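Asks: Chains as they are written, first to last, in my numbering: chain A, 1 to 138; chain B, 139 to 276; chain C, 277 to 414; chain D, 415 to 552.
Worth flagging that the hints you see were computed from the coordinates, not collected in a lab.
Take these hints with a grain of salt, some might be off.
[To be verified] Straight-line distance between alpha carbons at most 25 Å, and here's what the computed PhoX-like set of lysine-lysine pairs gives: (1) D:Lys529 to D:Lys494; (2) C:Lys361 to C:Lys397; (3) C:Lys389 to B:Lys233; (4) D:Lys535 to A:Lys45; (5) A:Lys85 to A:Lys121; (6) B:Lys201 to A:Lys115; (7) D:Lys477 to C:Lys302; (8) A:Lys63 to B:Lys233; (9) A:Lys63 to A:Lys120; (10) A:Lys45 to A:Lys95; (11) C:Lys389 to D:Lys477; (12) A:Lys85 to B:Lys201; (13) D:Lys459 to D:Lys535; (14) C:Lys356 to D:Lys477; (15) D:Lys509 to C:Lys391; (16) B:Lys233 to B:Lys251; (17) D:Lys529 to C:Lys371; (18) A:Lys113 to B:Lys201; (19) C:Lys391 to C:Lys371; (20) C:Lys339 to D:Lys535; (21) A:Lys80 to B:Lys201; (22) A:Lys63 to B:Lys258; (23) A:Lys120 to B:Lys201; (24) A:Lys121 to B:Lys201; (25) D:Lys527 to B:Lys251; (26) A:Lys120 to A:Lys95; (27) C:Lys391 to D:Lys477; (28) C:Lys321 to C:Lys371; (29) D:Lys509 to D:Lys459; (30) B:Lys223 to B:Lys258; (31) D:Lys494 to C:Lys339; (32) C:Lys339 to D:Lys529; (33) D:Lys534 to C:Lys339; (34) B:Lys270 to A:Lys63; (35) C:Lys353 to C:Lys389; (36) B:Lys276 to B:Lys223; (37) C:Lys396 to D:Lys477; (38) D:Lys527 to D:Lys491; (39) D:Lys459 to A:Lys95; (40) A:Lys95 to B:Lys253.
For clarity, every value in this text was computed on a predicted model and none was experimentally measured.
Number of protein chains: 4
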Amino acid sequence: MFTFERTVAYSETDRMGITHHSNYVKFMEDTRVAYLRAIGLPFEKMEEAGVLSPVVSVNVNYKTPSTFADVLVIELKVAKYTGVKLEVEYTMTNKESGAVVATASSSHAFLYKNKVCSLKKVMPDADELLRKELELSK
Amino acid sequence: MFTFERTVAYSETDRMGITHHSNYVKFMEDTRVAYLRAIGLPFEKMEEAGVLSPVVSVNVNYKTPSTFADVLVIELKVAKYTGVKLEVEYTMTNKESGAVVATASSSHAFLYKNKVCSLKKVMPDADELLRKELELSK
Amino acid sequence: MFTFERTVAYSETDRMGITHHSNYVKFMEDTRVAYLRAIGLPFEKMEEAGVLSPVVSVNVNYKTPSTFADVLVIELKVAKYTGVKLEVEYTMTNKESGAVVATASSSHAFLYKNKVCSLKKVMPDADELLRKELELSK
Amino acid sequence: MFTFERTVAYSETDRMGITHHSNYVKFMEDTRVAYLRAIGLPFEKMEEAGVLSPVVSVNVNYKTPSTFADVLVIELKVAKYTGVKLEVEYTMTNKESGAVVATASSSHAFLYKNKVCSLKKVMPDADELLRKELELSK
């Protein structure tokens, strides 16, 4: 299981005194970026191959508030990968208290020359990597 | 149907040249804030009554990209209201092209003195308003 | 004098209960964008001409806090324009109380094919417009 | 000299392909927060003492663009400290290229019970720490 740590910034809180809920969508992306780099598929590699991976949907369930200076431990796992679609799941935990702060998921497509593509065709090595990751997460 | 217009700011775009996906969660909140004000239930009124309404979940489906200077027309409707939970749905359309940019939903609880509460008990007039809105949206 | 109104969003507040200070830099940009459109020099026109206008410096003096739902009236005036550099000044006032919330300035260069350029050479009509604006602001 | 490292997030870029200029104001705050923690003056300590430290002004000079995944090395030094006002200077360098990305400064007041105060009176130990830091930075 891939884990990533992210400290909540002052600018990410709101007047309720807690982390503004929109920021968790950024935390998910930060985790995804670190994960893809860790498995050998950094964005530069995808960009060089002319592949973009836009976000198709996000879903966040807020469980416990977090706030400034809290360290979130974010677990990421590949929930589904079909060659044309990637689904990722996240569990965010407060490092100090152990409380689950949020669970979330996001799904992603792959674009080549602005058209939806099969990653297997345009980046077979990336396809291989994600299939392996899917297996590992089962 | 309540509608709200929101122009995408330069700072809300990303290096893919489009509106960063996390911003749609902010657009939802901006719409909700305008909506609650429009129906006579502005945040000041809830704050005075000691009621907070945290976000319990958000869900966004991205359909077509938008970018800097695009005007989004955001429709909001109350999908569910039980007295302790509120569910809201959003449809965001590009004003110029008419394309659906995103559909989304969010759910909300009510807190009184940091405890989940029934809005009917702590703010009966607000409860009445939301029940009426639920009826209208059917 | 050009004026622009901007309502503070919930997501723009912080746990001190006020508008996070970084957001004023965004408000300045929003005002600049609206101003350039108003004088007939929208970003699309500059982009078509291959001209980018990066921010060279910003300076903000915070006078009175603002918070969620406050409407800021932002005045903009061209303080200096030399053909290669543009300096803009801002005064942000709370619409309801009339209090000055912040004064600010920003300076901007012009790039053509990634090199600093004279706007007079690459976009003579834009140069004309900005010289006129400078005169008007005196 | 205190240094802090900060990686630019995808969400912090804009459609020009570079880090949006407003984010540097957040990087300054992130650095300040880490610095105050490092010298033994974390925000929790100030909050417990009832002291707030609002930003009075910021100034940023943009030298070289940065973008997604760049690591910025941010140096911070105390430029001035009078007991009622704190001035901090920052130099942000691209870790890989060594290029100076931005230089910046910010000034801060101290509030006790919503009034400007002398830190020496309300938090003598914090005052001591900052005076020492000022000496060290000379």
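Asks: For every hint, state whether the structure bears it out.
Replies: Going down the list of hints, with the structure as the test:
no., hint, verdict
1, D:Lys529 to D:Lys494, "holds (21 Å)"
2, C:Lys361 to C:Lys397, "holds (13 Å)"
3, C:Lys389 to B:Lys233, "violated (32 Å)"
4, D:Lys535 to A:Lys45, "violated (56 Å)"
5, A:Lys85 to A:Lys121, "holds (13 Å)"
6, B:Lys201 to A:Lys115, "holds (14 Å)"
7, D:Lys477 to C:Lys302, "holds (19 Å)"
8, A:Lys63 to B:Lys233, "violated (35 Å)"
9, A:Lys63 to A:Lys120, "violated (37 Å)"
10, A:Lys45 to A:Lys95, "violated (32 Å)"
11, C:Lys389 to D:Lys477, "holds (18 Å)"
12, A:Lys85 to B:Lys201, "holds (15 Å)"
13, D:Lys459 to D:Lys535, "holds (15 Å)"
14, C:Lys356 to D:Lys477, "holds (20 Å)"
15, D:Lys509 to C:Lys391, "holds (24 Å)"
16, B:Lys233 to B:Lys251, "violated (41 Å)"
17, D:Lys529 to C:Lys371, "holds (24 Å)"
18, A:Lys113 to B:Lys201, "holds (18 Å)"
19, C:Lys391 to C:Lys371, "violated (41 Å)"
20, C:Lys339 to D:Lys535, "holds (24 Å)"
21, A:Lys80 to B:Lys201, "holds (20 Å)"
22, A:Lys63 to B:Lys258, "holds (23 Å)"
23, A:Lys120 to B:Lys201, "holds (23 Å)"
24, A:Lys121 to B:Lys201, "holds (24 Å)"
25, D:Lys527 to B:Lys251, "holds (24 Å)"
26, A:Lys120 to A:Lys95, "violated (37 Å)"
27, C:Lys391 to D:Lys477, "holds (14 Å)"
28, C:Lys321 to C:Lys371, "violated (32 Å)"
29, D:Lys509 to D:Lys459, "violated (32 Å)"
30, B:Lys223 to B:Lys258, "holds (11 Å)"
31, D:Lys494 to C:Lys339, "holds (20 Å)"
32, C:Lys339 to D:Lys529, "holds (14 Å)"
33, D:Lys534 to C:Lys339, "holds (23 Å)"
34, B:Lys270 to A:Lys63, "violated (29 Å)"
35, C:Lys353 to C:Lys389, "violated (28 Å)"
36, B:Lys276 to B:Lys223, "holds (17 Å)"
37, C:Lys396 to D:Lys477, "holds (24 Å)"
38, D:Lys527 to D:Lys491, "violated (28 Å)"
39, D:Lys459 to A:Lys95, "holds (20 Å)"
40, A:Lys95 to B:Lys253, "holds (24 Å)"
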